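Protein sequence lines, in the order shown, are assigned to chains F and R. Going left to right, the first sequence walks through residues 0 to 340 as numbering that gives the first Met the number 0 numbers them. Going left to right, the second sequence walks through residues 0 to 340 as numbering that gives the first Met the number 0 numbers them.
Simulated from the structure, these hints should not be mistaken for laboratory data. Here the structure is a predicted model, which means the values were calculated and not measured. The reader is advised that the hints may include incorrect statements.
One copy or two, either will do: identical chains are not told apart, so a pair holds if it fits within one copy or between any two.
To be verified - With a cut-off of at most 30 Å between alpha-carbon atoms, the simulated DSS-like pairs for lysine-lysine come out as follows:
| id | residue 1 | residue 2 |
| --- | --- | --- |
| 1 | Lys201 | Lys8 |
| 2 | Lys4 | Lys106 |
| 3 | Lys140 | Lys49 |
| 4 | Lys133 | Lys264 |
| 5 | Lys8 | Lys86 |
| 6 | Lys285 | Lys264 |
| 7 | Lys106 | Lys285 |
There are 2 protein chains.
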Amino acid sequence: MIQKKITLKHIARELGVSISTVSKALKNSNEISRDTREKIQAFARLYNYKPNNIAISLKNKRTRNIGVIIPDIVHHFFTTVFRGIEKYANQRGYNVIVCVSDESFDKEVINMEMLANGSIDGFIMALSAETQDKNDFNHLKQVTEQGIPLVLFDRVTEQVVCDKVVINDEEAAMQAVDLLVNSGKERIALFTTETYLNVSEKRERGYRRALEQNGIPYDEDLVLRLPFQFEEEDLSRPFFETRRFDAVLSVNEVFAIRGMRLAGKLGLRIPQDISFIGFTDGILSKYSMPTLSSVAQHGEQMGEVAARMLIDKVENEYDETDPGSYRTEVIRASLVQREST
Amino acid sequence: MIQKKITLKHIARELGVSISTVSKALKNSNEISRDTREKIQAFARLYNYKPNNIAISLKNKRTRNIGVIIPDIVHHFFTTVFRGIEKYANQRGYNVIVCVSDESFDKEVINMEMLANGSIDGFIMALSAETQDKNDFNHLKQVTEQGIPLVLFDRVTEQVVCDKVVINDEEAAMQAVDLLVNSGKERIALFTTETYLNVSEKRERGYRRALEQNGIPYDEDLVLRLPFQFEEEDLSRPFFETRRFDAVLSVNEVFAIRGMRLAGKLGLRIPQDISFIGFTDGILSKYSMPTLSSVAQHGEQMGEVAARMLIDKVENEYDETDPGSYRTEVIRASLVQREST
DNA sequence: AAAGGATACGAAAACGGTTTCGTGTTAATA
DNA sequence: TATTAACACGAAACCGTTTTCGTATCCTTT
Chain F
0 MIQKKITLKH
10 IARELGVSIS
20 TVSKALKNSN
30 EISRDTREKI
40 QAFARLYNYK
50 PNNIAISLKN
60 KRTRNIGVII
70 PDIVHHFFTT
80 VFRGIEKYAN
90 QRGYNVIVCV
100 SDESFDKEVI
110 NMEMLANGSI
120 DGFIMALSAE
130 TQDKNDFNHL
140 KQVTEQGIPL
150 VLFDRVTEQV
160 VCDKVVINDE
170 EAAMQAVDLL
180 VNSGKERIAL
190 FTTETYLNVS
200 EKRERGYRRA
210 LEQNGIPYDE
220 DLVLRLPFQF
230 EEEDLSRPFF
240 ETRRFDAVLS
250 VNEVFAIRGM
260 RLAGKLGLRI
270 PQDISFIGFT
280 DGILSKYSMP
290 TLSSVAQHGE
300 QMGEVAARML
310 IDKVENEYDE
320 TDPGSYRTEV
330 IRASLVQRES
340 T
Chain R
0 MIQKKITLKH
10 IARELGVSIS
20 TVSKALKNSN
30 EISRDTREKI
40 QAFARLYNYK
50 PNNIAISLKN
60 KRTRNIGVII
70 PDIVHHFFTT
80 VFRGIEKYAN
90 QRGYNVIVCV
100 SDESFDKEVI
110 NMEMLANGSI
120 DGFIMALSAE
130 TQDKNDFNHL
140 KQVTEQGIPL
150 VLFDRVTEQV
160 VCDKVVINDE
170 EAAMQAVDLL
180 VNSGKERIAL
190 FTTETYLNVS
200 EKRERGYRRA
210 LEQNGIPYDE
220 DLVLRLPFQF
230 EEEDLSRPFF
240 ETRRFDAVLS
250 VNEVFAIRGM
260 RLAGKLGLRI
270 PQDISFIGFT
280 DGILSKYSMP
290 TLSSVAQHGE
300 QMGEVAARML
310 IDKVENEYDE
320 TDPGSYRTEV
330 IRASLVQRES
340 T
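Please work from the sequences and hints to get the whole structure.
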């Protein structure tokens with residue numbers, strides 16, 4: 000026995016009153032007599048009436064949905080941020096629609112356009128690698144021009160005027176290098192991404208500045224640029240065999256872990272012979288052998304902040320044309336020391 | 000210069016025609032003259048007209064959204080499944096709303112009720128631990144009784160009649176045990192969850208059946224039941240110190256990894272002295288030292304299948320009251336051998 | 001008794017579309 | 001020339017709400 004959802008109209012017909020009366024009665028409006036109100040409310044309860052979200056959205060021009068577009072979901076940092084977003088949004092009565100851009104510009108564009116047509120009240124997103132490469136942000140601009148609030152996190156761009164949440168990557172990288180130097184390391188390698196990523200660049204800048212401040216000359220030969228997927232034998236092994244270094248700063252976790260594995264195979268002791276520090280303090284850092292010292296990015300907090308900024312914009316009036324309406328929040332990363340240093 | 004979305008009404012007024020004419024023209028209905036059609040289409044293109052999703056949803060009583068409710072998002076297996084769902088759904092023009100139940104019964108109920116009021120066309124979900132514990136599935140039944148399609152995956156229950164996607168956990172566990180036995184192991188421990196989980200139970204059953212088939216007596220003392228978070232010193236160390244065993248089957252990845260760490264500390268060689276096999280072939284298995292042999296659950300495929308089943312139900316008529324309308328698909332797990340065996 | 005004010009409700013518009021049906025104009029046919 | 005069919009478009013209902021405004025009824029008041 001299928002029991003489809005009941006509507007105001009049904010209740011009205013059943014009880015011989017008008018739809019408006021039912022609507023008001025259910026909101027406890029005292030425009031309706033106590034008697035009628037109670038009768039209607041009882042009936043509604045009995046048949047488990049719940050207002051239709053879509054109809055309300057149409058009426059209010061507010062969906063209470065927020066759109067999240069991220070490059071990847073099987074990725075510890077992004078899921079952590081997402082958890083923060085979801086938790087906070089839920090608290091404030093919002094639901095979250097997730098689209099995965101898969102690091103593709105086109106998918107990002109398609110998904111945004113799809114959602115921008117009334118499905119959501121605002122966007123939270125991290126740019127795909129391809130988008131950052133192409134340097135084309137028209138889809139973002141279109142969205143903001145339509146008055147849809149947008150919050151960028153982690154992978155951001157200066158070319159779009161909107162709220163942003165970032166990490167103090169540069170300082171964090173500097174701290175990491177300082178730590179390595181202070182523990183006596185002198186030749187510090189950098190493992191970074193081959194493709195251009197906003198965050199990689201900032202971390203590299205921090206790496207270089209810290210070297211400089213510590214009076215260590217920057218050596219391009221000690222920088223290893225890796226693709227996301229790679230064969231150890233082809234890429235890192237030659238690097239290890241032809242360079243001399245006693246520490247590694249990696250812009251992510253995986254590169255560091257793989258470096259540690261290789262170092263282990265090559266008979267190097269960690270951290271005595273070589274230290275490692277990674278970015279993105281995820282599962283791998285905690286469970287690797289040895290455990291990896293890592294820059295914690297506090298993704299959950301980041302997601303929370305992003306969601307708060309977005310929902311505040313959604314719910315409050317602001318002057319879209321005034322750049323002063325937009326803020327960039329900086330989440331302070333912290334270095335978690337483990338066995339690899 | 001904010002450029003809000005334009006509607007049919009605007010176009011109609013601007014061009015001096017009726018709304019119906021505009022609607023038809025944009026759908027290329029040949030009820031409208033070629034001239035008028037082209038004029039309207041040009042105008043719409045110029046002002047970048049896009050129909051409002053909400054209005055269409057209200058009219059069609061179809062949102063093209065599917066709701067996904069999972070216990071946790073910072074969890075490799077679930078995100079993998081989610082990726083499969085998202086990919087497939089996107090291909091078929093659906094968006095995905097995610098809610099995280101956080102292993103809580105109440106959140107699961109609230110989220111379901113929230114979404115069931117018109118926000119989505121169907122649900123895909125894995126039960127929260129608490130829900131399985133309480134054995135209360137009224138919220139699921141309510142949803143199906145309303146004619147909203149539901150697909151359960153991984154953490155399922157027999158008490159709800161709906162489509163399901165599961166893994167052949169029992170057989171997979173048996174295979175794993177067989178492998179251990181065949182490599183000469185004789186005392187095989189089981190690391191499982193303390194809380195009742197459908198999947199843990201199935202894996203344990205497989206473990207016992209395989210022991211039996213191999214003529215090894217089941218020994219309750221070799222079963223370690225752990226909470227999700229635990230201190231090695233308090234729980235696993237005593238277990239290691241008071242039992243003698245030469246292999247471990249773990250119902251998840253983390254318990255296995257932590258076991259390997261401890262074994263390492265205790266001076267045991269892996270896999271010579273002790274072998275490990277885990278479930279959930281995630282990041283940890285691939286990057287741990289040594290790498291962990293693991294039962295791959297093919298989450299992405301699972302998600303894809305779930306999404307396909309759901310969308311097929313959403314788009315096609317079926318007899319909700321006929322149990323024969325519902326299927327349970329089994330995804331075959333496969334054992335990935337690595338260094339730990 | 002007439003006027004005024006509550007009280008309690010309904011009609012209707014609005015949100016932004018889709019779709020059915022009706023109708024005026026023109027052109028083709030008997 | 002009268003009839004009819006095709007063509008091109010508009011009116012209106014509908015999806016399920018909310019909300020404004022109008023009004024019938026009754027009770028007070030002078």
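These are the hints, each one checked on the structure:
Proximity of lysine 201 and lysine 8 under a CA criterion of 30 Å is satisfied in neither setting, with 58 Å inside one chain copy and 48 Å between copies. Proximity of lysine 4 to lysine 106 under the C-alpha cut-off of 30 Å is restricted to the inter-copy arrangement: shortest distance 22 Å between copies versus 35 Å within a copy. Taking the shortest alpha-carbon separations for lysine 140 and lysine 49, only the inter-copy value of 17 Å comes in at or below 30 Å, while the best intra-copy value is 37 Å. Within a single copy, lysine 133 and lysine 264 get their C-alpha atoms no closer than 39 Å, and across copies no closer than 49 Å, so neither meets the 30 Å cut-off.
Taking the shortest alpha-carbon separations for lysine 8 and lysine 86, neither the intra-copy value of 35 Å nor the inter-copy value of 38 Å comes in at or below 30 Å. For the identical chains of this complex, lysine 285 and lysine 264 are neighbours both inside a copy (21 Å) and across copies (16 Å), given an alpha-carbon limit of 30 Å. Proximity of lysine 106 to lysine 285 under the C-alpha cut-off of 30 Å is restricted to the inter-copy arrangement: shortest distance 29 Å between copies versus 33 Å within a copy.
Violated hints, listed in ascending order, are 1, 4 and 5; each of the other numbered hints is respected by the structure.
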